[in-house]
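Undergrad: Listed below are the residues making up each chain.
2 protein chains.
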Amino acid sequence: MSNKAPWITFRPELKVLDCTVRDGGLVNAHQFSDAFVAAVYRACLESGIDYMEIGYKNSQRVFPTERFGPWRHCEEADLRRVVGDHDAEVTGLKLAAMADAGKSEWQTQLLPASESVLSMIRVAFYAHQVSEAVDMIRHACELGYETTANLMAVSNITETEIDTVLEAIAETPASTMVIVDSFGHLYREQIDRLYNKYAMALAGTGMEIGIHAHNNLQLAFANTIEAIILGCNRVDATLFGFGRGAGNCHTELLLGFLRNPKFNVRPLIEVIQEQMLPLRQELDWGPSVPYNITGQLNQHPRAAIEWRDGATPDDYLSFYDRVVSEI
Amino acid sequence: MSNKAPWITFRPELKVLDCTVRDGGLVNAHQFSDAFVAAVYRACLESGIDYMEIGYKNSQRVFPTERFGPWRHCEEADLRRVVGDHDAEVTGLKLAAMADAGKSEWQTQLLPASESVLSMIRVAFYAHQVSEAVDMIRHACELGYETTANLMAVSNITETEIDTVLEAIAETPASTMVIVDSFGHLYREQIDRLYNKYAMALAGTGMEIGIHAHNNLQLAFANTIEAIILGCNRVDATLFGFGRGAGNCHTELLLGFLRNPKFNVRPLIEVIQEQMLPLRQELDWGPSVPYNITGQLNQHPRAAIEWRDGATPDDYLSFYDRVVSEI
Numbered sequence: 001m002s003n004k005a006p007w008i009t010f011r012p013e014l015k016v017l018d019c020t021v022r023d024g025g026l027v028n029a030h031q032f033s034d035a036f037v038a039a040v041y042r043a044c045l046e047s048g049i050d051y052m053e054i055g056y057k058n059s060q061r062v063f064p065t066e067r068f069g070p071w072r073h074c075e076e077a078d079l080r081r082v083v084g085d086h087d088a089e090v091t092g093l094k095l096a097a098m099a100d101a102g103k104s105e106w107q108t109q110l111l112p113a114s115e116s117v118l119s120m121i122r123v124a125f126y127a128h129q130v131s132e133a134v135d136m137i138r139h140a141c142e143l144g145y146e147t148t149a150n151l152m153a154v155s156n157i158t159e160t161e162i163d164t165v166l167e168a169i170a171e172t173p174a175s176t177m178v179i180v181d182s183f184g185h186l187y188r189e190q191i192d193r194l195y196n197k198y199a200m201a202l203a204g205t206g207m208e209i210g211i212h213a214h215n216n217l218q219l220a221f222a223n224t225i226e227a228i229i230l231g232c233n234r235v236d237a238t239l240f241g242f243g244r245g246a247g248n249c250h251t252e253l254l255l256g257f258l259r260n261p262k263f264n265v266r267p268l269i270e271v272i273q274e275q276m277l278p279l280r281q282e283l284d285w286g287p288s289v290p291y292n293i294t295g296q297l298n299q300h301p302r303a304a305i306e307w308r309d310g311a312t313p314d315d316y317l318s319f320y321d322r323v324v325s326e327i
Numbered sequence: 001m002s003n004k005a006p007w008i009t010f011r012p013e014l015k016v017l018d019c020t021v022r023d024g025g026l027v028n029a030h031q032f033s034d035a036f037v038a039a040v041y042r043a044c045l046e047s048g049i050d051y052m053e054i055g056y057k058n059s060q061r062v063f064p065t066e067r068f069g070p071w072r073h074c075e076e077a078d079l080r081r082v083v084g085d086h087d088a089e090v091t092g093l094k095l096a097a098m099a100d101a102g103k104s105e106w107q108t109q110l111l112p113a114s115e116s117v118l119s120m121i122r123v124a125f126y127a128h129q130v131s132e133a134v135d136m137i138r139h140a141c142e143l144g145y146e147t148t149a150n151l152m153a154v155s156n157i158t159e160t161e162i163d164t165v166l167e168a169i170a171e172t173p174a175s176t177m178v179i180v181d182s183f184g185h186l187y188r189e190q191i192d193r194l195y196n197k198y199a200m201a202l203a204g205t206g207m208e209i210g211i212h213a214h215n216n217l218q219l220a221f222a223n224t225i226e227a228i229i230l231g232c233n234r235v236d237a238t239l240f241g242f243g244r245g246a247g248n249c250h251t252e253l254l255l256g257f258l259r260n261p262k263f264n265v266r267p268l269i270e271v272i273q274e275q276m277l278p279l280r281q282e283l284d285w286g287p288s289v290p291y292n293i294t295g296q297l298n299q300h301p302r303a304a305i306e307w308r309d310g311a312t313p314d315d316y317l318s319f320y321d322r323v324v325s326e327i
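Just so you know, the protein sequences line up as chains G and Y, in that order.
If you count the first sequence from 1, position 124 lands on 124 in UniProt numbering, and the numbers rise without skipping.
If you count the second sequence from 1, position 56 lands on 56 in UniProt numbering, and the numbers rise without skipping.
It cannot be assumed that every hint is accurate.
What the hints assert, rightly or not - Once the Cα atoms are required to be at most 35 Å apart in a straight line, the calculated DSBU-like pairs of lysine-lysine come out as:
hint, chain 1, residue 1, chain 2, residue 2
1, G, LYS103, G, LYS197
2, G, LYS15, G, LYS262
3, Y, LYS262, G, LYS197
4, Y, LYS197, G, LYS262
5, G, LYS15, Y, LYS197
6, Y, LYS197, Y, LYS103
7, G, LYS197, G, LYS262
8, Y, LYS197, G, LYS197
9, Y, LYS15, Y, LYS197
10, Y, LYS15, G, LYS197
11, Y, LYS15, Y, LYS103
Worth flagging that the hints you see were computed from the coordinates, not collected in a lab.
From a predicted model like this one, the values you see are computed outputs, not experimental measurements.
Using the sequences provided together with the hints, build the complete structure.
TA: Below, the structure is given as structure tokens:
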């Protein structure tokens, strides 16, 4: 047993990304008011957050503007309406957007980074989309963006698939590879195994490892801490855990855990009270028994989300019986 | 990195204690109906839970029956009204009650175990009460009970105090010493340090180590998993996390994690739906920002509970400002 007390020190290289607008937007088709996004932006600035993921860079053909709000597409004009001529160098806050393989027109949709308020493109993909993801990463890097590789649903694919993806990503100029527990299924020992696998495959590339956790089993914050202990330096969270289904690791819990004095939790508490609590009256998110069940079974939370949106959201037992009967 | 997948195996010696009625009763002065306690009892029986803590064995002078329900005192007649002539040998479920140092009349209150439906007495104490706790443990063991030592608020005392308590408890016939994170303050690395300290001090005694976690930082389940990985074989939880303030580790999450096929989560989901959801309409519990704050500051949740019961339960910012100004 070491005598160090690492939890009262900090690693300056650890960076926090708040993805409230991007990931939370999956709850409401990214139909946020400008005032909401501006409030989150201000809170990120004032609390010392390193990256704010302000939406998706997704196709308007796949996600038509009649049904999806502007934060699904992150047109430059929409961004600047809220953040003005945001300057990451001056503010210390970098803006990010996520582009999905298969759902983006990345060849034409991205401006050069020098013409955008965005500094980072996060490339999200499933294992079978890795070839497109590699092309997307190269393209975004050539345009001057910092770029990350986010392999989704990692709990649901084989070791061989993960290894193959890691080999491909190791050859790219991505700055970070993120462990994404889309189904909120992973326990601590599985985080350890994945982290070690990622670290071994990416050794020598200089790539950082990130963590993106969901709260189906009330383990999003715990798994994030575990990943940090292991060496993850890129950490995702959302305000008040806002996110589809059981939601995410809470940004305010994370900042309370980190000991870097540059972080300030007070602006987060303020924006939670002013923006997230009213939103919570309209929208359902956060761990509940249906999400516990899909998380434990390593299933997409889709069925649980539909159940919670249905006529009998609290009939947990019927949901359990149905899911178990379908295994 | 080991190639074992320990999370899909199990340790048969790991025992689960449900303390819904005992610890949850702190929310409502143990004013449960017989029907509620009977429903929890049935769920524990049917789900394969090892111990059900059915209340406190506390003084009627300190907790008068006008204000406190029968589960604060666990009179034998009250117990038998709900569980009949419960037999732990036949059912596989042992009933437990908790006796606090300083708040119990243990010299006169306990029947011999052979005359009671109770099999276990858990002795709860603060560090300065360890001498009384040792006497209580010896007395309960002499009466034939399995007995545990539950040192409360362990996050708030010095290493020397913990060491002194462990030395004293190591000399007793207690079966288990429980790590009790009363303030919900501990992070994973602190669980590791405490577990190792307890294990070293109790080595050779045959005593088991237990874990009792609170959910102020959404880490109750995670810290329980961590303790299990380290070797804890006695694990506390409550249905739907029912408990004062932020509540406890959820029994249904815990049973979903454990791989012992004797456990069945379905009866827990049923009793949650039928008993805990209606209760949740009346009573406030579970993690929220005020509990996050007291947990992070290693404070008793008292101030947060009062705030949540007050006129502005969702004015998180004023609570934060007040607490921070008082540090």
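Undergrad: Does each hint hold? Answer for all of them.
TA: Hint check results:
1. For the given pair, LYS103 of chain G sits about 28 Å from LYS197 of chain G by alpha-carbon distance, which is consistent with the 35 Å threshold.
2. A C-alpha spacing of about 11 Å is found between LYS15 of chain G and LYS262 of chain G, which places the hinted pair at or below 35 Å, so the restraint holds.
3. Using a Cα cut-off of 35 Å, the hinted pair LYS262 of chain Y and LYS197 of chain G holds, with the two alpha carbons roughly 33 Å apart.
4. Restraint check: the Cα-Cα separation between LYS197 of chain Y and LYS262 of chain G comes to about 33 Å, which is no more than 35 Å; the hinted pair holds.
5. Taking the CA atoms of LYS15 of chain G and LYS197 of chain Y, the gap is near 33 Å; set against the 35 Å cutoff, the hint holds.
6. Distance hint between LYS197 of chain Y and LYS103 of chain Y is fulfilled; the C-alpha atoms sit about 28 Å from each other, no more than 35 Å.
7. In summary, the hint linking LYS197 of chain G to LYS262 of chain G is supported, as the alpha carbons are separated by about 31 Å, within the 35 Å threshold.
8. Restraint check for LYS197 of chain Y and LYS197 of chain G: the C-alpha separation of about 31 Å stays at or below 35 Å, so the hint holds.
9. Between the alpha carbons of LYS15 of chain Y and LYS197 of chain Y the distance comes to roughly 21 Å, so the proposed pair stays at or under 35 Å and holds.
10. Of the supplied pair hints, the one linking LYS15 of chain Y and LYS197 of chain G holds, its CA atoms being roughly 33 Å apart against a limit of 35 Å.
11. The straight-line distance between the Cα atoms of LYS15 of chain Y and LYS103 of chain Y is roughly 27 Å, inside the 35 Å bound, and the hint therefore holds.
Hint violations for this structure: none, all hints satisfied.
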